[in-house]
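Here is what each chain is made of, one letter per residue.
4 protein chains.
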Amino acid sequence: MRVDAADLVDELASVGRRFDARDWVLGTSGNFSVVVGRDPFRLMMTRSGIAKGGLTADGVVEVDVDGRALKPGAARPSAEALLHVEIACARGAGAILHTHSVWSTVLSDRHAAAGGLAIAGYEMLKGLEGISTHEHREWIPIIENDQDMPRLAGRVRQLLVEHPACHAFLLRRHGLYTWGETLPQAVRHVEILEFLLEAVGRADR
Amino acid sequence: MRVDAADLVDELASVGRRFDARDWVLGTSGNFSVVVGRDPFRLMMTRSGIAKGGLTADGVVEVDVDGRALKPGAARPSAEALLHVEIACARGAGAILHTHSVWSTVLSDRHAAAGGLAIAGYEMLKGLEGISTHEHREWIPIIENDQDMPRLAGRVRQLLVEHPACHAFLLRRHGLYTWGETLPQAVRHVEILEFLLEAVGRADR
Amino acid sequence: MRVDAADLVDELASVGRRFDARDWVLGTSGNFSVVVGRDPFRLMMTRSGIAKGGLTADGVVEVDVDGRALKPGAARPSAEALLHVEIACARGAGAILHTHSVWSTVLSDRHAAAGGLAIAGYEMLKGLEGISTHEHREWIPIIENDQDMPRLAGRVRQLLVEHPACHAFLLRRHGLYTWGETLPQAVRHVEILEFLLEAVGRADR
Amino acid sequence: MRVDAADLVDELASVGRRFDARDWVLGTSGNFSVVVGRDPFRLMMTRSGIAKGGLTADGVVEVDVDGRALKPGAARPSAEALLHVEIACARGAGAILHTHSVWSTVLSDRHAAAGGLAIAGYEMLKGLEGISTHEHREWIPIIENDQDMPRLAGRVRQLLVEHPACHAFLLRRHGLYTWGETLPQAVRHVEILEFLLEAVGRADR
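Chains as they are written, first to last, in our numbering: chain L, 1 to 205; chain G, 1 to 205; chain B, 1 to 205; chain E, 1 to 205.
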């Protein structure tokens, strides 16, 4: 379990610069979190309304299992904190990353009616944890976007039960959620999935 | 109200580098302004004919409510100064940004006959000031480009009256105008809108 | 007329980094030149077979009006030196730039049968020297590529006579040539034209 | 033959940063190798599971003609070491580079049924070693991806015999392999081929 908050902020800032350079977190979109305690549950998370390309210690906040800031008067956590908590608990993930790229947005809409998107036969799939061959079919579920966070968190919980093998999901017209045991693994999952979504989007003429 | 001109130039230069890296201000396209006085009205604005990726103090000029340089013999303000003044006055904006990306150019033409472009249902819309849900329909008006600046300024004035809720507009085959209470807010609006225009442009096969 | 060779190399290196970052001079493609003397005619030019993203003094060579290196034993000039000489002489250009982007390559082929490509009605056209309105129709001639440089130089000479108002031309499946009175003006022309070619290429579904 | 391992790591790290910036080695995709001995055969190669944008000495490993790490307990070489060995031996290549771009992935699938992809008439082809005119037809063979590395290595051996003039091949839905006498030549081949694949992919509406 991590302890050094300054190091963690540095790592998140580096991830932010990397994703920002690729236009995956434009505006103040996207949010990142890392589990810093399990008992009690503690999540270090980017706060609401900040650009991810220039993250500093002020840009993160510690939240509890209900997605609420631990310290009274602390900055407001991202509204999507509850989704991060659901993923951390359901998957035992150590890091959760939400990006908001053009291609994930476009495909989340194009395949919404089907409830998801299958990606199969690509070598890049081996970059997903536990996948050792390109002969794999990854189902990326898509759920409707919702501003009611407890309700959306409930749908995410259900989605994670119904799709126990999935490495990610899309919120419709909103973007990608993925996770990993560690922050580097979650970063790798973002890169793999953003690559695959662009490849599928461009192939599908 | 801002007072330190050097800091302001630094901020504008940083915006210029960020937009230049994304090819939103190629050549000497685009122009930026910040309101530095209301009584009398004063606008600090990028001057005509300079590349935005390497802005220095020489690259900005202070203009009055008629878009004319305050100091005799100063560098020529951008020809579009009048449009910035209209926006600053009609919206009470503190910063106005004009970018010139490929996608805004393409969509400004594709949707010109309809007089504008509706973008609805995207989470990214929440990055626009005052919008708190993706269930929002943003109308981006498009008007014909014109080299007669007083005439075009008049059309912009009218557009801002007719569309009191709009956050931006497009000049046909010319690019995007958006604004904000502060420079960071206007930057966020540029990023949100450039993202949405690219997403809509790619989705629309 | 320029005199300081070290400054000139620095400027060309800066142009090279800028174009390389945009993938306009991948591999060892593209070439740049600046007129450093008119009587006798002298051209400082990038030499053959070097990557433009890391230009140094070793990467340029001075050539005469026949495109031959001035100093015996000097590095080989780019094979396309003769084309640069034609442009410098016919247009009185002080700098000539050849880029090799994906979009210029694609459009040079798509419009080859028509002998060229008209771009009209775009604000960005005003970035071309001497153009003061978007209500301009720029004709970009396209000629067949050829490895016989004297023959190709002859065709370029003829093209420049037949199209006295053109700011650029395309070699089919090869890329863009443009120029300017000064290096910064030629750089601006590259950016304007690469932007317009991409916009036209994306608009043309 | 190279001897200084630190210099070689620096060169490979520089290649990694360059390709990473272009999204050709996202996640931990791609692998690079350089022949450091012929008798006995020795290959310095990126190891399995590392990101190429931040290569250090820890990220490379020396392998023998069977693709096995020379030092007991060394890091695991990339699973594709055997393919690099085949290319090094069959072509006398000094450096082998595997990239994994969106366009190479898309085209490797689009043209798989034809067994390959012909690229002809492009000036950029002259960047391939030994090609001196655009009037060249480069055949890029495509073979099915396979997780059985000895079997896939056998197919690569056969492919290199059947296509003695080819400069590269594609693994289906997996990416590009190319090589060169030296590392800079192999880098040039990657850039040329990635450019051409993107141009062909965009032209082919």
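Some clues are possibly wrong.
What the hints assert, rightly or not - Derived, one-sided and incomplete: chain G residues facing chain B with beta-carbon distance under 7 Å:
id, residue
1, 106
2, 174
3, 184
To be verified - Once the Cα atoms are required to be at most 20 Å apart in a straight line, the calculated SDA-like pairs of lysine to any residue come out as:
id, chain 1, residue 1, chain 2, residue 2
4, B, 126, G, 40
5, B, 126, B, 151
6, E, 126, B, 151
7, B, 126, G, 143
8, E, 126, B, 163
9, B, 126, G, 160
10, L, 126, L, 138
If you are wondering where the hints come from, they were derived from the structure by calculation, not from laboratory data.
We treat Cβ as the ideally placed atom computed from N, Cα and C, and that holds for glycine.
Hint check results:
no.	hint	in the structure
1	106	holds, 5 Å
2	174	holds, 4 Å
3	184	violated, 25 Å
4	126(B) / 40(G)	violated, 33 Å
5	126(B) / 151(B)	violated, 33 Å
6	126(E) / 151(B)	holds, 19 Å
7	126(B) / 143(G)	holds, 18 Å
8	126(E) / 163(B)	violated, 29 Å
9	126(B) / 160(G)	violated, 26 Å
10	126(L) / 138(L)	holds, 11 Å
Of the numbered hints listed earlier, those contradicted by the structure are 3, 4, 5, 8 and 9.
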